[in-house]
Amino acid sequence: MKLAVTLALAATAMAAALPAAAQFQKPEDAVKYRQSVMTVQNFHLGRIGAMANGRVPFDAKVVQEHAAVLETVTKLAWVGYGVETEKIKSRSKPEIWMDAAKFKQAQDTMMGEVTKLNAVAKTGNLDQIKASFGNVAGSCKACHDAFRE
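To convert a position in the sequence shown, counted from 1, into the working numbering, add 20.
Please note that the accuracy of each hint is not assured.
[As the list claims (entries may be wrong)] Restraint ranges, calculated between C-beta atoms of paired labels, are given here: (1) Val-82 with Gln-55: 32 to 40 Å; (2) Glu-48 with Val-82: 31 to 39 Å; (3) Lys-81 with Glu-48: 32 to 40 Å; (4) Asp-79 with Lys-107: 27 to 35 Å; (5) Val-60 with Glu-115: 33 to 41 Å; (6) Lys-95 with Lys-122: 16 to 24 Å; (7) Gln-125 with Leu-96: 30 to 38 Å; (8) Val-76 with Ala-120: 33 to 41 Å; (9) Asn-145 with Lys-52: 24 to 32 Å; (10) Ala-151 with Lys-95: 17 to 25 Å.
No lab work stands behind these hints, which were simulated from the structure alone.
Cβ atoms here follow ideal geometry from the backbone N, Cα and C, with glycine treated the same way.
Hey, can you work out the whole structure from these sequences and the hints?
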């Protein structure tokens, strides 16, 4: 069983290391993939936000579940931003490819904030969850402001 898990993890890591062109048959597939990942991110972050903002009753266990999924999913979208997708019609701004270092920094910031949210969610402390949720939402907004039309 351990060998199967190890092999599965190794295969996943190797697939993540491949350029987007090698993972997707067409650039359009990469765009659809990243958009789908962002939709899933939005769903899970939205559920946490609904509790953080008092729109639905707070449930620490549910926040933990959504934060864990969010942390995993947040790592997935970036492979869909290969240079071959630059000319595909989407809401992505050309700045993604013109300033790749800044885009990478925005990715890293968001992933760091999501990791912190997942850690805070495990405490069950609503005030800390609210603060961390705000940081995640802010990192999403900053990236969208700079890189999304």
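So, going through the hints one by one against the coordinates:
{"no.": "1", "hint": "Val-82 with Gln-55: 32 to 40 Å", "in the structure": "26 Å, violated"}
{"no.": "2", "hint": "Glu-48 with Val-82: 31 to 39 Å", "in the structure": "35 Å, holds"}
{"no.": "3", "hint": "Lys-81 with Glu-48: 32 to 40 Å", "in the structure": "39 Å, holds"}
{"no.": "4", "hint": "Asp-79 with Lys-107: 27 to 35 Å", "in the structure": "44 Å, violated"}
{"no.": "5", "hint": "Val-60 with Glu-115: 33 to 41 Å", "in the structure": "24 Å, violated"}
{"no.": "6", "hint": "Lys-95 with Lys-122: 16 to 24 Å", "in the structure": "19 Å, holds"}
{"no.": "7", "hint": "Gln-125 with Leu-96: 30 to 38 Å", "in the structure": "19 Å, violated"}
{"no.": "8", "hint": "Val-76 with Ala-120: 33 to 41 Å", "in the structure": "38 Å, holds"}
{"no.": "9", "hint": "Asn-145 with Lys-52: 24 to 32 Å", "in the structure": "38 Å, violated"}
{"no.": "10", "hint": "Ala-151 with Lys-95: 17 to 25 Å", "in the structure": "23 Å, holds"}
Comparing the model with each earlier hint shows violations of hints 1, 4, 5, 7 and 9; every other hint is respected.
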